[in-house]
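Those protein sequences? They're chains A and B, same order as listed.
Here the first sequence stands for residues 1 to 74, where the numbers follow this note's numbering.
Here the second sequence stands for residues 75 to 592, where the numbers follow this note's numbering.
Hints listed in this document are in silico derivations from the structure and should not be mistaken for laboratory results.
Glycine included, C-beta positions come from ideal geometry on N, C-alpha and C.
Hints may contain errors.
As the list claims (entries may be wrong) - Result set (BS3-like, lysine-lysine): computed pairs, CA atoms no more than 25 Å apart in a straight line:
1. B/Lys426 <-> A/Lys55
2. B/Lys447 <-> B/Lys436
3. B/Lys426 <-> B/Lys447
4. A/Lys27 <-> B/Lys447
5. B/Lys296 <-> B/Lys507
6. A/Lys56 <-> B/Lys426
7. A/Lys27 <-> B/Lys199
8. B/Lys416 <-> A/Lys27
9. B/Lys359 <-> B/Lys342
As the list claims (entries may be wrong) - Using C-beta positions, here's what the derived DEER-type ranges look like:
10. A/Ala7 <-> B/Trp197: 16 to 26 Å
11. B/Thr562 <-> A/Gln62: 49 to 59 Å
12. A/Thr59 <-> B/Gly179: 18 to 28 Å
13. A/Gln62 <-> B/Asp424: 17 to 27 Å
14. A/Thr59 <-> B/Lys354: 53 to 63 Å
15. B/Asp85 <-> A/Arg10: 52 to 62 Å
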Amino acid sequence: MNSVITAMNRLFRFYYDGFTTMSWWGKRVWIIILIKLFVLFFILKLFFFPDFLQKKYSTDEQKSEYVLDQLISK
Amino acid sequence: MFENVDLTLVDWSRAQFALTAIYHWLFVPLTLGLSFIVAIMETIYFKSGSEEWKRMTRFWMTLFGINFAIGVATGIILEFEFGTNWSNYSWFVGDIFGAPLAIEGILAFFLESTFVAVMFFGWNKVSKKFHLVSTWLVAVGANLSALWILVANAWMQNPVGMVFNPETARNEMVSFWQVLFNEVAVSKFLHTISSGFLLASMFVLGISAYYLLRKREYFLAKRSILIAGIFGLLSSLLVAYTGDTSARVLSKVQPVKFAAFEALYDGKQDAGLVAIGILKGSDRKIGEKEVNDFAFRIEIPGFLSVMTGGDRNTFVPGINDLVNGNASQGIMSVSDKIVRGKKVRDLLSDYKAARAGNDRQKADGISGMFRDKKFIDDYFRYFGYAFFGKPEDVVPNVKVSFYSFHLMVMLGFYFILVFVLALIFLYRGTLHKNRWFLWVSLCSILLPYVAGEIGWVLAEIGRQPWIIQNLMPVSAAVSQISSGSVITTFILFAVLFTVLLIAEISIMIRQIKLGPKH
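Given the sequences, and given the hints that come with them, work out the whole structure.
Put into structure tokens, the structure is as follows:
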């Protein structure tokens, strides 16, 4: 158990030291990554990219039916 | 039918996908290639213990890191688009597309959260050996990530290893290995990653040339040019070889696309490969589509036949043969394929009616036919043709295909020349004296990006009108959403990606100007 805690502690220190002693460019790109992920997942995905079939139908059977109709009628 | 489809929606959905894919591909190839160059440099540092090599490794690793970080997750947008803009397609492909993408996602997550962290945070914290292994694993892992994406793309170009289930309206994977070792996937993967290696080599060569022009960082510049020259030359030869292999595969699985590359309308034996050519309009037509003639061309006699079939007697079908059929060569016309595709569609209508009428026996009978090899080979493989009204609808944009292909090939030969010259000048010790070459190298950094992007334009425009070759055209794949919403997100993406690109370029230029000391 102690060895697991030590390993976890070392792992935490590894990332903590890495982030806190990061260079100028490292800090800049992390800011960009965080802004980008926010824009992608919290703005674009939520408001602009709903799953079309998921939004219209709740079950797989309904989705299958719809796509089959599309394949037959288009 | 096409009459029922809003082409504005299809065009904007395609344009949006193209925009995001093109931007995404600005980041990916440098990651693929630079990771290996950094790993090679670190290996030399590990073997030699030289601090100069360590400095070099860390410098190129910094540029790798900037590109990697800015590019991370840009590909996820493509997956958003599948669910929103291409829902019919996403449902129809079932787990075949999902499985490789899921593997890629898991691989990328573990790769990025562990070994990339060791690469950047691990200097002087982990052993030199473990650090080196991590760097190599990042290189191998990044390229394996690309494998799964390319496997998914290759399936769209040559759908194999699946059966269609009418009950779920989805394709179901029956052979993972057929999907993985799809001949298009193998050639596409090798061609794509080697083009990434080439691009990264040109990037290293160009930036090293910049230092020599500024009369600084001599050690780094010359050693980097040596690594980039050798790696770049080998990569560009591999690009040429795999390009040739890809073309041979395409001539089998996507013959219309292959004929469009060469603007070959009338098939023949002893067909020549156009080395350079200019197209012009003509009075001839295929249906309502204009046929392009050559205003000028230089041809390598018989080479196209040799390339596709191994000898000059090989018949290479032209667009006319493929659209109108050629009985003597055993080529079925598109009209016949449309008839077969429509039979499949009629069967699907019957299936739906049988299910609605609770005629389980009839529904099961029809469903079983979709698992029958003879039915698949004779009918289902032409299902997508049912969506066309005119045979010429299957012809892609010949001018774009032709010029993209020839520009890409010409650039490929140019890269070989640049790497050979770099190694010759380096060997003779005259690199810094040939300032013209240093300028050429610096200016050439952008050219592999151009070649890579037009390679994708060629692959994707050349296969139009298909989203899945022979099974589903783009018009049938698109979601019934408003084109206004697609235009809005198109503009959003254009802004977002441009900002990201400007950020990358400005941070990278700053680090390059600072050089390895910082």
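Taking the hints in turn, this is what the structure says about them:
no., hint, result
1, B/Lys426 <-> A/Lys55, "holds (23 Å)"
2, B/Lys447 <-> B/Lys436, "holds (19 Å)"
3, B/Lys426 <-> B/Lys447, "holds (22 Å)"
4, A/Lys27 <-> B/Lys447, "violated (57 Å)"
5, B/Lys296 <-> B/Lys507, "holds (13 Å)"
6, A/Lys56 <-> B/Lys426, "holds (20 Å)"
7, A/Lys27 <-> B/Lys199, "holds (20 Å)"
8, B/Lys416 <-> A/Lys27, "violated (58 Å)"
9, B/Lys359 <-> B/Lys342, "holds (19 Å)"
10, A/Ala7 <-> B/Trp197: 16 to 26 Å, "holds (21 Å)"
11, B/Thr562 <-> A/Gln62: 49 to 59 Å, "violated (28 Å)"
12, A/Thr59 <-> B/Gly179: 18 to 28 Å, "holds (26 Å)"
13, A/Gln62 <-> B/Asp424: 17 to 27 Å, "holds (21 Å)"
14, A/Thr59 <-> B/Lys354: 53 to 63 Å, "holds (56 Å)"
15, B/Asp85 <-> A/Arg10: 52 to 62 Å, "holds (55 Å)"
Checked against the numbered hints given earlier, this structure breaks hints 4, 8 and 11; the rest are met.
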